[in-house]
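A.B. asks: Sequence:
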Amino acid sequence: MRVRSTRPPHPAWLSRGAHGIEVDLIAGEDGVSPGQACVFYDAPDGQARVLGGGIIQKAASLSEPAPAYEAASAGRP
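Numbering follows the working numbering, in which position 33 of the sequence shown is assigned residue number 33; successive positions increment by one, without gaps.
Keep in mind that a hint or two might mislead.
Unchecked claim - Pairs of lysine to any residue residues, derived as SDA-like cross-links and limited to a Cα-Cα distance of at most 20 Å, are as follows:
{"id": "1", "residue 1": "K58", "residue 2": "R16"}
{"id": "2", "residue 1": "K58", "residue 2": "V39"}
{"id": "3", "residue 1": "K58", "residue 2": "G17"}
{"id": "4", "residue 1": "K58", "residue 2": "H10"}
{"id": "5", "residue 1": "K58", "residue 2": "R4"}
{"id": "6", "residue 1": "K58", "residue 2": "R2"}
{"id": "7", "residue 1": "K58", "residue 2": "I26"}
{"id": "8", "residue 1": "K58", "residue 2": "A18"}
{"id": "9", "residue 1": "K58", "residue 2": "G28"}
{"id": "10", "residue 1": "K58", "residue 2": "E22"}
{"id": "11", "residue 1": "K58", "residue 2": "S33"}
{"id": "12", "residue 1": "K58", "residue 2": "E29"}
{"id": "13", "residue 1": "K58", "residue 2": "P34"}
{"id": "14", "residue 1": "K58", "residue 2": "A43"}
{"id": "15", "residue 1": "K58", "residue 2": "G20"}
{"id": "16", "residue 1": "K58", "residue 2": "P44"}
{"id": "17", "residue 1": "K58", "residue 2": "L14"}
{"id": "18", "residue 1": "K58", "residue 2": "S15"}
{"id": "19", "residue 1": "K58", "residue 2": "A12"}
{"id": "20", "residue 1": "K58", "residue 2": "D24"}
As the list claims (entries may be wrong) - Pairwise CB distance ranges (calculated):
{"id": "21", "residue 1": "P9", "residue 2": "S33", "range": "15 to 23 Å"}
{"id": "22", "residue 1": "A18", "residue 2": "A43", "range": "24 to 32 Å"}
{"id": "23", "residue 1": "R16", "residue 2": "A37", "range": "31 to 39 Å"}
If you are wondering where the hints come from, they were derived from the structure by calculation, not from laboratory data. Every residue gets a Cβ at the ideal spot worked out from N, C-alpha and C, and that includes glycine.
The task is simple: from the sequences and hints, build the whole structure.
C.D. replies: And the structure:
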C-alpha cells in the first residue's frame, strides 16, 4: 500500500471494517492524516497493478488499537 506518491509502497494487511476497508501498515508510516489518498497494489515494485484505493477517514498511532488506517472506499469489495 502507498500513502504518498513520493514514498515507496509498504506491506499492509487489509480487512473489511464497519465503515470501509481497514488498513494496518506492518511497518507503520509517519504523518498519515484523514483526507489523504491511499492506493493498494499487488506488488511492491516493478509492473505492480492497482487493486484499489480510497481516502483515509481515520488514522491511529501505533499506541492506539487497530485499525491503523481506515479508507472510505476501495476499488473492490
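A.B. asks: With reference to the structure, classify each hint as holding or not holding.
C.D. replies: Each hint tested on the structure:
1. K58 x R16: Since the Cα atoms of K58 and R16 sit roughly 15 Å apart, the hinted pair holds (cutoff 20 Å).
2. K58 x V39: Holds, at about 15 Å.
3. K58 x G17: The given pair, whose Cα atoms are some 12 Å apart, holds under the 20 Å limit.
4. K58 x H10: Holds - the C-alpha atoms of H10 and K58 are around 18 Å apart, at most 20 Å.
5. K58 x R4: Given pair K58, R4 holds - Cα atoms ~16 Å apart, limit 20 Å.
6. K58 x R2: holds, 16 Å
7. K58 x I26: holds, 17 Å
8. K58 x A18: With Cα atoms ~13 Å apart, K58 and A18 stay inside 20 Å; holds.
9. K58 x G28: At roughly 14 Å apart (the allowed maximum being 20 Å), G28 and K58 satisfy the hint.
10. K58 x E22: holds, 10 Å
11. K58 x S33: holds, 7 Å
12. K58 x E29: Roughly 14 Å separates the two Cα atoms, so the pair holds.
13. K58 x P34: holds, 5 Å
14. K58 x A43: violated, 25 Å
15. K58 x G20: Holds. K58 to G20 sits at ~11 Å (cutoff 20 Å).
16. K58 x P44: Status violated; Cα separation ~24 Å.
17. K58 x L14: Roughly 15 Å separates the two Cα atoms, so the pair holds.
18. K58 x S15: holds, 15 Å
19. K58 x A12: holds, 16 Å
20. K58 x D24: It holds: about 12 Å lies between the C-alpha atoms, which stays within 20 Å.
21. P9 x S33: 15 to 23 Å: holds, 18 Å
22. A18 x A43: 24 to 32 Å: Check passed, 29 Å falls within 24 to 32 Å.
23. R16 x A37: 31 to 39 Å: violated, 19 Å
When held up to the earlier numbered hints, the structure conflicts with 14, 16 and 23 and fits the remainder.
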